[in-house]
Amino acid sequence: MSSPFGSAGDGKDFPRYEPTNHPEDRPDYGLPSYGSYNAGGNAGYDEQPQGGVGYNGPVSATKAIGWAFRTVFSNWQLWILGSLLMLAVFGIFGAVVGFILASNGDGNAAFTGNIFSNVITQVISLLVSLFVMRLALFQIDDLKTGWSYIGKDVRWGNTFLMLLIIALVSFVVMILAVMVFGGAAFATLTSADVQDEDAALAAAGTVFGILAVMVIIGWLVTPLYKLMPWFAADGDSIGDSIKKGFMAGKANYMQLLLYALMMFGLGIACFLTLGLGFIIFAPVSLLAEAHLFRQCAGRYVQA
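Note that our numbering has the sequence shown beginning at 253, numbered continuously upward.
Among the hints, erroneous ones may be present.
Taking lysine-lysine pairs in the DSS-like style, the calculated list, with each CA pair at most 27 angstroms apart, reads [to be verified]: (1) K404 to K502; (2) K315 to K396; (3) K315 to K502; (4) K495 to K315; (5) K315 to K496.
If you anchor each label on the Cβ, the simulated ranges turn out as follows [to be verified]: (6) G409 to F433: 32 to 40 angstroms; (7) L472 to L378: 21 to 29 angstroms; (8) D492 to L379: 22 to 30 angstroms; (9) G309 to A521: 25 to 33 angstroms; (10) I490 to D405: 14 to 22 angstroms; (11) M499 to G306: 20 to 28 angstroms; (12) L428 to Q329: 27 to 35 angstroms; (13) F423 to L379: 16 to 24 angstroms; (14) M499 to G470: 18 to 26 angstroms; (15) S355 to G306: 52 to 60 angstroms; (16) F368 to A464: 29 to 37 angstroms; (17) L379 to M499: 27 to 35 angstroms; (18) I520 to L378: 22 to 30 angstroms; (19) F433 to G306: 43 to 51 angstroms.
Just so you know, these hints were derived from the structure itself, not from any lab.
Where a beta carbon is used, it is the ideal one built from N, C-alpha and C, also for glycine.
Use the sequences and the hints to build the structure in full.
Here's what the structure looks like:
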């Protein structure tokens with residue numbers, strides 16, 4: 253039986269339309285390509301819908317700082333109000349501790365209490381760092397980041413250990429450097445029977461000179477370990493955080509050094525605002541560092 257669409261009177265079908273390899277024949281022709289899902293190390297569509305368009309340019313400290321300023325003001329309900337809240341909490345804590353120490357007439361007890369309060373402050377600051385570092389990474393991944401994200405998916409163990417290791421190593425290196433290069437000067441300053449004023453001034457100059465050199469050396473070395481805690485906060489193990497942090501810091505050394513210099517300049521400028529600028533500076537420095545970390549790590553970051 254011939255097809256009703258056959259040629260007139262010959263009983264034969266017209267040739268059937270066979271599929272071709274033309275791109276316009278594909279069902280997805282003309283639609284935007286979102287990339288494959290987690291294929292080849294590239295983020296797919298499902299990995300980036302909340303963060304917006306990704307940045308694929310060269311590592312740039314100025315790019316990170318500019319993004320941080322825009323984000324702080326666009327999401328001021330979280331970052332500016334959060335900065336004010338943290339300032340108030342630490343201010344109240346310091347005032348309470350100061351009142352307790354001042355009300356105690358015992359000098360030794362006051363000294364011990366001051367050391368204890370400093371230790372407590374450092375521990376609290378370290379714990380707060382775990383929250384805010386993860387929150388900064390959430391801000392990169394999700395434009396809707398808000399107060400409900402605080403405490404969500406925090407990498408407690410590895411991040412805490414990484415920060416603690418860096419703090420302990422830095423402290424030990426500083427103490428050893430002071431003992432080796434400035435031991436005699438410190439002994440002169442702390443001696444109870446110092447009679448020579450010129451010798452005391454010379455010793456003080458030596459100590460300050462050593463501290464200045466240590467600050468410069470620390471600034472030059474910081475890029476090599478600065479990113480290690482961020483790798484831990486982003487889900488890497490301790491070993492991977494140390495390895496990747498060092499390699500990323502070495503590969504992007506100049507941009508990390510530029511970032512530190514720019515943050516130092518912004519910090520100095522905050523003093524001109526009688527300290528009020530630190531309400532903005534604190535979240536900006538945090539977000540800029542997170543953005544720069546993601547750039548150096550080659551991971552998703554907002555444009």
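Now for the hints, and whether the structure bears them out:
A threshold of 27 angstroms between alpha carbons decides the hint, and for K404 with K502 the separation of about 31 angstroms lies outside it, so the pair is violated. A hinted pair counts as satisfied when its Cα atoms are at most 27 angstroms apart, and K315 with K396 qualifies at roughly 21 angstroms. Note on K315 and K502: the hinted pairing holds, with a Cα-Cα distance of about 19 angstroms set against a maximum of 27 angstroms. For the hint linking K495 to K315, the alpha-carbon distance of about 25 angstroms falls within 27 angstroms, and the restraint holds.
The hinted pair formed by K315 and K496 meets the criterion: a straight-line CA distance of about 22 angstroms does not exceed 27 angstroms. Taking the beta carbon of each, G409 and F433 are about 36 angstroms apart, inside 32 to 40 angstroms as hinted. In this structure the supplied range 21 to 29 angstroms holds for L472 paired with L378, their Cβ-Cβ distance being about 25 angstroms. Roughly 23 angstroms separates the CB atoms of D492 and L379, a value that falls within the hinted 22 to 30 angstroms.
The hinted window of 25 to 33 angstroms between G309 and A521 holds, with their beta carbons roughly 27 angstroms apart. For the pair I490 and D405, the supplied restraint of 14 to 22 angstroms holds, since their beta-carbon distance comes to about 18 angstroms. In this structure, M499 and G306 meet the distance hint of 20 to 28 angstroms, their C-beta atoms being roughly 22 angstroms apart. Remark: the range hint 27 to 35 angstroms for L428 to Q329 is contradicted by a beta-carbon distance near 46 angstroms.
In this structure, F423 and L379 meet the distance hint of 16 to 24 angstroms, their C-beta atoms being roughly 18 angstroms apart. Against the hinted window of 18 to 26 angstroms, the Cβ-Cβ separation of M499 and G470 comes to about 20 angstroms, which satisfies the hint. A C-beta distance of roughly 56 angstroms is found between S355 and G306, which places it inside the suggested range of 52 to 60 angstroms. At roughly 30 angstroms, the beta carbons of F368 and A464 sit within the given window of 29 to 37 angstroms.
Between L379 and M499 the Cβ separation comes to about 28 angstroms, which falls inside the hinted range of 27 to 35 angstroms. The hinted range of 22 to 30 angstroms is satisfied by I520 and L378, whose Cβ atoms lie roughly 26 angstroms apart. For the hinted restraint 43 to 51 angstroms between F433 and G306, the CB-CB distance of approximately 47 angstroms keeps it satisfied.
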